[in-house]
Amino acid sequence: MSATATAGRRRSRLGWNLLGLLVFVIAGFPLYWMLNTAFKPAKDAIDPDPSLLPTGVTLDNFRRALDISDFWGPVGRSLVVSLSVVVIGMVVGMLAALAISRFAFRGRKVVIVGILAVQMVPLVAMIIPVFLLLNDLKQYDKLTGLIITYLTFILPFTVWTLRGFIVNIPRELEEAAMVDGCSRTGAFIRVVFPLLAPGMVATSVYGFIQAWNEYIYALMLLSQEHQTATVWLGNFTTKHGTEYAPMMAGATMMAVPIVVLFLIVQRKMAAGLTAGAVKG
Amino acid sequence: MSAADTTTPAKVPPPRQAPPPPAAARSGRRRATSGQAATPWLLLAPCLLILALVMAYPLVRLVTLSFQKFGQPQLWGFQSADWVGLTNFTQVLTDGEFWAVVLRTVVFAVGSVVFTMVIGMAIALLQQRVSGWVKTLINIVLVASWGMPVIVATTVFKWLFDSDYGVFNALLSKLPGVHMIGHNWFASGPEGLAVIMLLVVWGAVPFVVITLSAGLTQVPRELEEAARLDGAGAWGVFRYVTLPVLKPIIVMLTTLSVIWDMGVFPQVFVMRGGHPEAEFQVLNTYSYDRAFVVNDYAQGSAIALITVLLLLGVVAVYMRQMLKIGEVE
Numbered sequence: 001m002s003a004t005a006t007a008g009r010r011r012s013r014l015g016w017n018l019l020g021l022l023v024f025v026i027a028g029f030p031l032y033w034m035l036n037t038a039f040k041p042a043k044d045a046i047d048p049d050p051s052l053l054p055t056g057v058t059l060d061n062f063r064r065a066l067d068i069s070d071f072w073g074p075v076g077r078s079l080v081v082s083l084s085v086v087v088i089g090m091v092v093g094m095l096a097a098l099a100i101s102r103f104a105f106r107g108r109k110v111v112i113v114g115i116l117a118v119q120m121v122p123l124v125a126m127i128i129p130v131f132l133l134l135n136d137l138k139q140y141d142k143l144t145g146l147i148i149t150y151l152t153f154i155l156p157f158t159v160w161t162l163r164g165f166i167v168n169i170p171r172e173l174e175e176a177a178m179v180d181g182c183s184r185t186g187a188f189i190r191v192v193f194p195l196l197a198p199g200m201v202a203t204s205v206y207g208f209i210q211a212w213n214e215y216i217y218a219l220m221l222l223s224q225e226h227q228t229a230t231v232w233l234g235n236f237t238t239k240h241g242t243e244y245a246p247m248m249a250g251a252t253m254m255a256v257p258i259v260v261l262f263l264i265v266q267r268k269m270a271a272g273l274t275a276g277a278v279k280g
Numbered sequence: 001m002s003a004a005d006t007t008t009p010a011k012v013p014p015p016r017q018a019p020p021p022p023a024a025a026r027s028g029r030r031r032a033t034s035g036q037a038a039t040p041w042l043l044l045a046p047c048l049l050i051l052a053l054v055m056a057y058p059l060v061r062l063v064t065l066s067f068q069k070f071g072q073p074q075l076w077g078f079q080s081a082d083w084v085g086l087t088n089f090t091q092v093l094t095d096g097e098f099w100a101v102v103l104r105t106v107v108f109a110v111g112s113v114v115f116t117m118v119i120g121m122a123i124a125l126l127q128q129r130v131s132g133w134v135k136t137l138i139n140i141v142l143v144a145s146w147g148m149p150v151i152v153a154t155t156v157f158k159w160l161f162d163s164d165y166g167v168f169n170a171l172l173s174k175l176p177g178v179h180m181i182g183h184n185w186f187a188s189g190p191e192g193l194a195v196i197m198l199l200v201v202w203g204a205v206p207f208v209v210i211t212l213s214a215g216l217t218q219v220p221r222e223l224e225e226a227a228r229l230d231g232a233g234a235w236g237v238f239r240y241v242t243l244p245v246l247k248p249i250i251v252m253l254t255t256l257s258v259i260w261d262m263g264v265f266p267q268v269f270v271m272r273g274g275h276p277e278a279e280f281q282v283l284n285t286y287s288y289d290r291a292f293v294v295n296d297y298a299q300g301s302a303i304a305l306i307t308v309l310l311l312l313g314v315v316a317v318y319m320r321q322m323l324k325i326g327e328v329e
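Taken in sequence, the protein lines are chains A and B.
Here the first sequence stands for residues 1 to 280, where the numbers follow the working numbering.
Here the second sequence stands for residues 1 to 329, where the numbers follow the working numbering.
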């Protein structure tokens, strides 16, 4: 009886595993096909009946991708914009997050609801007035203009996420430090800050990824010669058609660093949260 | 608002009432009386200033623009913007094309959300039943596709569904009796939007799976067992135990998905090479088109504003849920 039950369970486990592998293959296929095409010899890429397995490895597509138009300029601009946005967002956001998570004051609720609401405004709806605003401020086609624009979505995100991390750090720890003679600022720097560090790292990387991936504002607010990395990816389509294999090479160069960062932070984010829970 | 009222007191007791030792007391107490009220506002000031400049001002401008006449001449300052009352709105709302766009956007969003939630829930449940190594494999793929920049994912899907060399047509043609090579998926709106929906769902499922999986670990085992002892089948356990426990997370994920999928832009825009055809227009691309292609910034703003208003109800549900969850946290 029990032998058949375990056998049955094993068989159903096998069934679930096969289903799971199917999910793995389907969900992973676009990624696989991007890499597969990127490393393929160009002639194999334009085959109406493509081989599903790699047909040989070449870096020609990457060379071509770097040739088509300047790659490092857009990457440099994306780096400048994303890093500046993250630094400003973290400093300003941290102060605001502290205010709404560690102080009781009149109007706090309004601020919290406001910050939540602001995150819900679709970016696209804001393009027209933001475009006009930057036009008025003479910031159109300037990286500084793009940086302040990106703060519209990075700042609320940073405040909200950091607030989550701060709330998880028990207030008693700070109070204990103050009982031991620390000032409030001292207690924050010595006790809260170290506990908050993993969360801050995760939040920064998330923010960086969001800024790096942004497309619409970058397209609208910068001219072709000042384009960022996401917009650069559009250069493979000309009126003569699309060069798909180099485009997949370009896509790979864009995606791999971001995906790796994301994979790392995923774990850090979880670690940060559980560390807070255990210490609480 | 009422949800917000209940969240605060529990989480933020009036600060610093534990008596500090005498030495620290004097300086601490003084700060507590004089600086207390101002400190949080000082901390908030930079954040609020920036948001006022880049968020509040443009939002106000969005509203005022939609009541003005604002085209190229006004943009370059050759003419001043005149107030035209509700003209932009009446023009938009009496335009049959606008309603077609609204309908298309709603159908697209509902389809995307339903598929995202159902597939996401199915994969999350499957994750509980597979062996550890399969789970790890699925997780890696999910997190990797979650992390893919939208523009990259869109580019990749464009390639997958290319009419002549796309692997999707080649795979379909391997089925007996099917000849899809050369089939252009973007020749018709519904087919093209179905591909775009697939892209959106593919990108959205990982977040749903990972959030729901975390939620599923919170479902008490005893409850499931009790239900099973009472004769509930797998569906019964899911329907009467799992689903109610997960409800807050599901509400949050659904509302977020509605907000995101109603606001879909880059996927459509990039997939159609920056010039979506009439059959592909959704609210956001339509507003963009009005503003930057037709150069009627006022009408574009009116459309954007209507989109925001359409979403307001969903946003309200989402915020209530967020504040409720915040209470539990």
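Heads up, a few of these hints could be off.
Under the rule of at most 27 angstroms between Cα atoms (straight-line distance), these lysine-lysine pairs were calculated in the DSSO-like manner [stated by the list, open to error]:
hint : chain 1 : residue 1 : chain 2 : residue 2
1    : B       : Lys-69    : A       : Lys-109
2    : B       : Lys-247   : B       : Lys-69
3    : B       : Lys-247   : B       : Lys-174
4    : B       : Lys-135   : A       : Lys-138
5    : A       : Lys-43    : B       : Lys-174
6    : B       : Lys-135   : A       : Lys-109
Example chain B residues on the side facing chain A (calculated, C-beta under 8 angstroms, incomplete) [unchecked claim]:
hint : residue
7    : Pro-40
8    : Tyr-57
9    : Ala-100
10   : Val-102
11   : Leu-103
12   : Val-106
13   : Leu-137
14   : Leu-160
15   : Ser-163
16   : Thr-254
Using C-beta positions, here's what the derived DEER-type ranges look like [unchecked claim]:
hint : chain 1 : residue 1 : chain 2 : residue 2 : range
17   : A       : Leu-53    : B       : Arg-239   : 42 to 52 angstroms
18   : B       : Glu-97    : A       : Leu-143   : 30 to 40 angstroms
19   : B       : Ala-37    : A       : Gly-76    : 43 to 53 angstroms
20   : A       : Asp-70    : B       : Pro-176   : 27 to 37 angstroms
21   : B       : Ala-187   : A       : Pro-41    : 29 to 39 angstroms
22   : A       : Arg-10    : B       : Pro-176   : 32 to 42 angstroms
23   : A       : Phe-193   : B       : Ala-38    : 18 to 28 angstroms
24   : A       : Asp-47    : B       : Leu-223   : 53 to 63 angstroms
25   : A       : Thr-6     : B       : Val-317   : 18 to 28 angstroms
Just so you know, the hints here were simulated from the structure itself, not pulled from any lab data.
We treat Cβ as the ideally placed atom computed from N, Cα and C, and that holds for glycine.
Outcome of the hint check:
1. For the hint pairing Lys-69 (chain B) with Lys-109 (chain A), the CA-to-CA distance comes to about 37 angstroms; that exceeds 27 angstroms, so the pair is violated.
2. Distance hint between Lys-247 (chain B) and Lys-69 (chain B) is unfulfilled; the C-alpha atoms sit about 46 angstroms from each other, more than 27 angstroms.
3. Of the supplied pair hints, the one linking Lys-247 (chain B) and Lys-174 (chain B) is violated, its CA atoms being roughly 43 angstroms apart against a limit of 27 angstroms.
4. The straight-line distance between the Cα atoms of Lys-135 (chain B) and Lys-138 (chain A) is roughly 52 angstroms, outside the 27 angstroms bound, and the hint therefore fails.
5. Among the hinted pairs, Lys-43 (chain A) with Lys-174 (chain B) is consistent with the structure: their alpha-carbon atoms are about 21 angstroms apart, no more than 27 angstroms.
6. In summary, the hint linking Lys-135 (chain B) to Lys-109 (chain A) is not supported, as the alpha carbons are separated by about 41 angstroms, beyond the 27 angstroms threshold.
7. The beta carbon of Pro-40 (chain B) comes within 4 angstroms of a beta carbon in chain A, closer than 8 angstroms, and the hint placing it at the interface holds.
8. The criterion of a C-beta within 8 angstroms of any C-beta in chain A is met by Tyr-57 (chain B), whose closest approach is roughly 7 angstroms, and the hint holds.
9. The closest approach between the C-beta of Ala-100 (chain B) and any C-beta of chain A is roughly 19 angstroms, which is over the 8 angstroms cut-off, so the hint fails.
10. For Val-102 (chain B), the shortest C-beta to C-beta distance to chain A is roughly 15 angstroms, which exceeds 8 angstroms, and the interface hint is violated.
11. Evaluation of the Leu-103 (chain B) hint against chain A yields a violated restraint, the C-beta minimum of about 19 angstroms exceeding 8 angstroms.
12. Because the smallest distance between the Cβ of Val-106 (chain B) and any Cβ of chain A comes to about 15 angstroms, over 8 angstroms, the interface hint for this residue is violated.
13. A hinted interface residue such as Leu-137 (chain B) counts as satisfied when its beta carbon comes closer than 8 angstroms to some beta carbon of chain A; here the least separation is about 5 angstroms, so the hint holds.
14. A distance limit of 8 angstroms between C-beta atoms decides the matter here; for Leu-160 (chain B) the minimum to chain A is near 6 angstroms, and the interface restraint holds.
15. Hint status for Ser-163 (chain B) relative to chain A: violated, with the closest Cβ pair at about 10 angstroms, above 8 angstroms.
16. A distance limit of 8 angstroms between C-beta atoms decides the matter here; for Thr-254 (chain B) the minimum to chain A is near 14 angstroms, and the interface restraint is violated.
17. The hinted window of 42 to 52 angstroms between Leu-53 (chain A) and Arg-239 (chain B) holds, with their beta carbons roughly 43 angstroms apart.
18. A hinted range of 30 to 40 angstroms holds for the C-beta pair Glu-97 (chain B) and Leu-143 (chain A), which are about 37 angstroms apart.
19. At roughly 45 angstroms, the beta carbons of Ala-37 (chain B) and Gly-76 (chain A) sit within the given window of 43 to 53 angstroms.
20. Hint check: Asp-70 (chain A) to Pro-176 (chain B), Cβ distance near 48 angstroms, so the stated range 27 to 37 angstroms is violated.
21. Under the hint 29 to 39 angstroms, the C-beta atoms of Ala-187 (chain B) and Pro-41 (chain A), about 30 angstroms apart, fit the expected range.
22. Here the CB-CB span from Arg-10 (chain A) to Pro-176 (chain B) is close to 35 angstroms, well matched to the stated 32 to 42 angstroms.
23. Between Phe-193 (chain A) and Ala-38 (chain B) the Cβ separation comes to about 23 angstroms, which falls inside the hinted range of 18 to 28 angstroms.
24. The hinted range of 53 to 63 angstroms is satisfied by Asp-47 (chain A) and Leu-223 (chain B), whose Cβ atoms lie roughly 55 angstroms apart.
25. The given range of 18 to 28 angstroms is broken by Thr-6 (chain A) and Val-317 (chain B), whose C-beta atoms sit roughly 46 angstroms from each other.
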